[in-house]
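If you read the sequences in order, they're chains A and B.
Residue numbers for the first sequence follow numbering that gives the first Met the number 0, beginning at 0 and rising by one.
Residue numbers for the second sequence follow numbering that gives the first Met the number 0, beginning at 0 and rising by one.
Be careful, since some hints might not be right.
Quick list of in silico lysine-lysine cross-link-like pairs, DSSO-like style, CA-CA up to 27 Å [said to hold, decoys possible]:
| id | chain 1 | residue 1 | chain 2 | residue 2 |
| --- | --- | --- | --- | --- |
| 1 | B | K86 | A | K107 |
| 2 | B | K102 | B | K86 |
| 3 | B | K61 | A | K104 |
Worth flagging that the hints you see were computed from the coordinates, not collected in a lab.
Just so you know, these numbers come straight off a predicted model, no measurement behind them.
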Amino acid sequence: MALLVAILAMLATGKYLVRPRQHGAVTLVGDVRGVSAPDFALTSLDGRIVKLSDYRGKAILLNFWATWCSPCKVEMPWFVDLQKKYGGDGLVVLGIAMDDTETDKIAKFASEMGVNYPVLLGTDKVSEQYGNVEYLPTSFYIDREGKIVGKGTGLLGRAEIEENVQKALASHVVGINKADTSTPASAETTKTAVQ
Amino acid sequence: MRRVLLPLAVLLAAVAFAQEPGTRVPSVELAPVGNVQVKAGGSAAVQLDFRVGSEFHINSNKPHSELLIPTVLKLSPTNPVAVAGVKYPDGQDMSFPFAPDEKLSVYSGDFTIAAVIKAPANAPSGNFPVTGTLRFQACDRSACYPPRSIPVNFNVSVVGR
Chain A
0 MALLVAILAM
10 LATGKYLVRP
20 RQHGAVTLVG
30 DVRGVSAPDF
40 ALTSLDGRIV
50 KLSDYRGKAI
60 LLNFWATWCS
70 PCKVEMPWFV
80 DLQKKYGGDG
90 LVVLGIAMDD
100 TETDKIAKFA
110 SEMGVNYPVL
120 LGTDKVSEQY
130 GNVEYLPTSF
140 YIDREGKIVG
150 KGTGLLGRAE
160 IEENVQKALA
170 SHVVGINKAD
180 TSTPASAETT
190 KTAVQ
Chain B
0 MRRVLLPLAV
10 LLAAVAFAQE
20 PGTRVPSVEL
30 APVGNVQVKA
40 GGSAAVQLDF
50 RVGSEFHINS
60 NKPHSELLIP
70 TVLKLSPTNP
80 VAVAGVKYPD
90 GQDMSFPFAP
100 DEKLSVYSGD
110 FTIAAVIKAP
120 ANAPSGNFPV
130 TGTLRFQACD
140 RSACYPPRSI
150 PVNFNVSVVG
160 R
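Take the sequences, apply the hints, and build the full model.
Put into structure tokens, the structure is as follows:
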């Protein structure tokens, strides 16, 4: 009976956040708000190795997309605008291209779309880290302390995306340094995020 | 008490998983293909009937953009049987909420791909399996899934002239 109650409680509250994997890493499932965004090291279109942790102290809009994904194309001009609008406040949009195609084609597409933010080449590993991202577009909104404050799957409206960006920007870390990065996100930040 | 809690747990589990977008898997299924008979030195047409799961669509064989991934049938017949041709249906030009001003060429619901199988004049009588895949890339009304492939298998019987 106790086990059944526990299962019911987990299902009702969505607290099945992090599932251990065989090789020791974790993947995100269910309600991920308040969970530390998994770090990664990916190659950018210009050949640099980019880590998520390079941007600690910034608010991140992490967008998984692909050139073959028509709904993803709809969001990209919005991301360009949001990067312009909030870049000065500390927003960084990071695109993760999940294409299985030549880098040149992705770069050409990004250029034609006027993308003004880093585009990284996705891998199975990063997809796994973020809960086996298969449904595109999928975006994670990460606050300045590296905690996920929201997730959007499928095409959202621009207003909803901007609202999530503002939530990610809302946490202010004063004098952040490496010792500060484990500071937990405020309860308010994690509660107000949207799925 | 148990009689109440168990159905409730099942219901809650169903709701919890239904609320998570991306947990649905787009399906494309091939209807059973009957035995295909072909005379040595002749050819025969085979209709491959596919069904796309409701709420999903896949790109046609000739999508309007080179960025989109076309639906492609690849067949590998057993020697000496050969595939003489594959004919894809035209796609339906449809608009979707994510791009209302754009027409995409898609298959949804049921569609049929026709293949022509031939056997050389000196082919021995017997059964020759044909294996293959249908590769497609599916989307629903707000998002897209990576390309997938499903197996396409049927049997060809070569009979004497």
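Requested in this report: Starting from B/K86, check that the Cα of A/K107 is at most 27 Å away, please.
Outcome: violated, 32 Å
Query raised in the report: Holds or violated: are the alpha carbons of B/K102 and B/K86 at most 27 Å from each other?
Result: holds, 22 Å
Query raised in the report: Is B/K61 close enough to A/K104, meaning Cα to Cα at most 27 Å?
Result: Holds, at about 19 Å.
Going down the numbered hints, you'll see the structure goes against just number 1.
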